[in-house]
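There are 2 protein chains.
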Amino acid sequence: MIKPRTTPGVMELLPRDQIAFQRMLDVIRRNYERFGFLPVETPVFELSEVLLTKTGGETERQVYFVQSTGALANAAESDGSQPELALRFDLTVPLARYVAQHEHDLAFPFRRYQIQRVYRGERAQRGRFREFYQCDIDVIGKDTLSVRHDAEMPAVIHAVFSELGVGEFTIQLNNRKLLRGFFEGLGIAEGERQALVLREIDKLDKRGADAVRATLVGPDFGLADNVADRIMAFVQVRSNSHADALARLDALGSGNTTLAEGVAELREVIGLLKAQGVPETDYAVNFSIARGLDYYTGTVYETTLDAHPQIGSVCSGGRYENLASSYTKSRLPGVGISIGATRLFFQLREAGILSTAESSVDVMVGLMDEARLADSLDIARQLRGAGINAEVQMEAKKLAKQFQYADKAGIRFVVLYGEDEAARNVVTVKDLRAKEQFEVARDDLARTLRVEIEQQRAMGGV
Amino acid sequence: MIKPRTTPGVMELLPRDQIAFQRMLDVIRRNYERFGFLPVETPVFELSEVLLTKTGGETERQVYFVQSTGALANAAESDGSQPELALRFDLTVPLARYVAQHEHDLAFPFRRYQIQRVYRGERAQRGRFREFYQCDIDVIGKDTLSVRHDAEMPAVIHAVFSELGVGEFTIQLNNRKLLRGFFEGLGIAEGERQALVLREIDKLDKRGADAVRATLVGPDFGLADNVADRIMAFVQVRSNSHADALARLDALGSGNTTLAEGVAELREVIGLLKAQGVPETDYAVNFSIARGLDYYTGTVYETTLDAHPQIGSVCSGGRYENLASSYTKSRLPGVGISIGATRLFFQLREAGILSTAESSVDVMVGLMDEARLADSLDIARQLRGAGINAEVQMEAKKLAKQFQYADKAGIRFVVLYGEDEAARNVVTVKDLRAKEQFEVARDDLARTLRVEIEQQRAMGGV
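Those protein sequences? They're chains A and B, same order as listed.
According to this note's numbering, the residues represented by the first sequence are 1 to 462, in order.
According to this note's numbering, the residues represented by the second sequence are 1 to 462, in order.
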């Protein structure tokens with residue numbers, strides 16, 4: 001006998017939690033489609049040579065390689081070279097490969113969404129997953145891509161998180177050119193040095209302002225006090241309204257060309273956010289946002305839940321200049337965001353924002369009398385025809401047991417049709433949630449429950 | 001520069017094909033939920049020790065093992081023992097592990113659906129996939145499970161394939177006890193020998209009746225001519241109506257206990273099929289169906305498309321006596337079916353039953369004049385609010401280019417709002433599918449298109 005268990009670092013849910021998670025994915029997908037993004041799915045494994053274009057990095061140390069039994073046997077006798085296949089570790093590299101491979105069959109700007117699991121060969125620890133969902137959208141241009149597309153991302157974020165019903169949130173915006181220009185203005189012109197300062201600033205929320213300032217004037221950076229002061233004042237800017245955001249940008253002055261470009265881009269993005277009807281309470285400029293990745297070149301985004309800052313960013317992304325330089329000579333600039341749904345789901349549950357769902361089964365048709373099974377099946381058929389998810393008790397077990405099953409499974413309605421009901425051509429409905437019971441004509445059952453269920457759905461969040 | 005490509009044996013689709021595939025999965029999922037099945041997802045990899053309980057079989061030769069970079073480095077110096085993780089090769093073993101692991105948290109009978117990809121380390125060849133979707137449902141009982149649940153499976157198959165719109169199909173039913181009883185009556189009583197005969201019979205559609213009969217009277221089996229004749233007559237039975245199915249069962253007589261049990265079970269299943277409203281044209285008994293797997297013990301199913309017999313079974317399954325004997329002492333009988341969606345999708349395309357979908361994007365809001373971008377965004381916001389998928393041209397490129405994009409992307413409606421339209425507070429709508437153009441008041445746009453789109457959806461199949 002083998003102990004049934006999964007490997008650490010993976011998410012496996014009981015059905016009612018899986019339903020809650022699935023609803024979250026459905027909301028994300030529905031909104032991605034609403035904004036005109038097209039579905040793409042890529043294989044879980046890529047050729048290692050294609051996936052691992054940049055060798056020796058953090059990424060490659062975490063990759064999972066895949067080998068069939070045969071390949072494994074051969075490898076044992078071989079030189080220990082890299083296996084042929086590896087699991088994707090994000091959705092960005094597969095997107096780059098996909099766009100380069102299918103370039104001539106795609107219409108640009110190419111708008112795709114992708115909701116799939118990704119894999120990291122990490123040491124298992126709390127909050128770190130070896131397998132987790134990413135939900136990405138990107139717009140990819142051929143040769144050029146207007147900065148206006150950068151304004152679509154926060155509109156999608158707004159639609160998704162509003163429908164998820166996770167309370168107030170703020171989409172925080174910044175621009176890497178603005179950051180670079182600002183640092184150039186302070187004499188921190190060299191790219192590598194800027195990157196190091198940006199990386200420090202990225203730790204602001206975790207380490208606090210004092211610790212970051214101390215590092216900046218300390219031996220590693222050796223910045224003058226007044227320069228450190230200006231940096232610290234700059235990175236603590238958070239706008240509190242649309243007008244304030246524009247004023248904060250104006251206050252930066254024209255400065256150098258890079259700064260001016262960054263300011264102009266961010267101003268355009270914010271203007272288009274307003275034009276899309278995103279409420280000004282839900283976005284802000286935040287000059288400390290740099291995103292750790294060197295990858296981003298313009299607009300950058302993070303999204304935080306106002307009542308739960310400890311969760312950190314629940315949706316991030318930004319603008320990049322060239323998606324697929326490893327695979328094609330075509331210049332493919334893009335902008336995108338990503339929601340790490342597995343981590344988000346756990347965090348929302350821990351924060352008490354999300355709870356176990358009711359069942360996806362709306363109705364259980366109980367069975368009081370073996371002779372009535374055909375009636376039960378017919379009732380279920382009518383319910384299903386009306387778009388109601390229904391299951392049937394196939395055996396006339398004790399009624400208490402049937403109710404116990406429905407209760408444990410989280411099913412809201414139990415429908416009964418016994419001798420008494422048959423005589424009057426009605427069904428008895430027990431609403432286990434409202435703890436009430438009513439009768440309805442057999443022919444009206446589906447219509448009646450349809451109304452109840454739609455009311456419930458209209459009221460529920462995720 | 002690295003050539004962008006995928007490994008052979010995987011399915012990767014262009015967006016419009018992905019949309020068609022996604023709709024197929026959505027239909028399957030919706031119908032599984034309609035019949036009260038609950039979602040389960042399991043990790044892509046299982047612990048090898050847990051996954052590979054039966055060693056040395058066909059399965060293990062095809063499994064993909066997974067190793068992180070670190071584990072791979074260690075393995076190179078080690079004894080070459082089996083890697084810790086392996087990719088699932090079906091959804092049945094993960095289900096068994098899941099039910100055994102979470103037994104005390106589940107309500108029985110446990111009804112689950114699972115739609116995920118599975119992996120086989122096969123040599124790549126036409127029609128063989130290394131990665132493919134399986135869409136499974138199973139009902140698992142604790143200790144016992146009424147044969148009545150066997151009748152739910154064909155009802156679900158009927159609902160799924162009706163909505164998929166793949167033309168006429170037949171759900172073929174048989175029962176392993178009926179088969180075993182019949183062979184016992186012919187003196188073929190030994191289990192292993194029965195299994196060999198059943199395996200031959202399973203090849204009936206591929207090899208033809210003459211070849212199978214020749215094998216049965218040949219040196220491997222050595223059956224008498226009259227025994228072979230009775231087998232051949234038996235396995236060519238196909239009922240052509242509900243009454244005929246019952247008559248075919250009656251004609252088998254009572255025979256031995258096993259035969260009688262099988263006949264009684266199949267009779268009950270067929271009776272309940274009728275009670276569920278499945279039309280009698282859509283199911284038949286077929287005594288040749290055995291399913292290759294020794295795993296099944298009672299009812300077995302196959303589903304064929306009437307106009308495309310060459311495709312073979314598009315949905316199969318059956319009843320088994322004990323799901324998880326490797327993991328728990330609890331007796332867990334079950335019944336289930338599986339749709340191999342990836343293979344099915346390719347076959348339906350090859351047979352011309354399924355074609356590339358229109359875009360999931362319903363409307364493109366064109367841009368004739370840079371100054372009207374805010375209007376475009378507002379129009380899109382209203383469309384999205386009405387549940388319409390819309391994208392916006394963010395730059396006022398040449399109109400011909402915008403139309404070219406919409407056409408290539410398969411978007412049905414292009415909406416234009418220029419100076420002329422603004423003056424009259426209308427929008428121009430071009431229906432690229434119907435090749436017609438009309439104007440509508442700006443405030444009525446969403447309502448008008450909603451009606452058009454719902455009509456289209458009501459008419460479309462997948």
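Take the hints with a grain of salt, since some may be wrong.
What the hints assert, rightly or not - Restraint ranges, calculated between C-beta atoms of paired labels, are given here:
(1) A:Thr281 x B:Val440: 32 to 42 Å
(2) B:Gly312 x A:Gly165: 44 to 54 Å
(3) A:Thr281 x B:Gln437: 36 to 46 Å
Said to hold, decoys possible - Partial list, computed: chain A residues near chain B (C-beta under 7 Å):
(4) Val10
(5) Val147
(6) His149
(7) Leu196
(8) Ser326
(9) Asn389
(10) Ala390
(11) Ala409
Calculated from the structure, these hints are not laboratory results.
In this text, all values refer to a predicted model and were calculated from it rather than measured experimentally.
Backbone N, C-alpha and C define an ideal beta-carbon position, used for all residues, glycine too.
Status of the hints after comparison with the structure:
With their beta carbons about 33 Å apart, threonine 281 of chain A and valine 440 of chain B fall inside the hinted range of 32 to 42 Å. Under the hint 44 to 54 Å, the C-beta atoms of glycine 312 of chain B and glycine 165 of chain A, about 46 Å apart, fit the expected range. Distance hint for threonine 281 of chain A and glutamine 437 of chain B: a CB-CB separation of about 41 Å, consistent with the stated range 36 to 46 Å. Below 7 Å, beta-carbon pairs count as interface contacts, and valine 10 of chain A has one with chain B at about 4 Å; its hint therefore holds.
For valine 147 of chain A, the shortest C-beta to C-beta distance to chain B is roughly 9 Å, which exceeds 7 Å, and the interface hint is violated. With 7 Å as the threshold, the beta carbon of histidine 149 of chain A comes within range of chain B, its nearest partner Cβ sitting at about 6 Å, so the hint holds. Checking leucine 196 of chain A against chain B by beta carbon gives a least distance of about 27 Å; that is not within 7 Å, so the hint is violated. About 6 Å separates the beta-carbon of serine 326 of chain A from the nearest beta-carbon of chain B, less than 7 Å, and the hint is met.
Given hint, asparagine 389 of chain A at the interface with chain B, holds; its Cβ is 5 Å from that chain's nearest Cβ, closer than 7 Å. A hinted interface residue such as alanine 390 of chain A counts as satisfied when its beta carbon comes closer than 7 Å to some beta carbon of chain B; here the least separation is about 6 Å, so the hint holds. Given hint, alanine 409 of chain A at the interface with chain B, holds; its Cβ is 5 Å from that chain's nearest Cβ, closer than 7 Å.
Of the hints listed earlier, those the structure fails to meet are numbers 5 and 7, in rising order.
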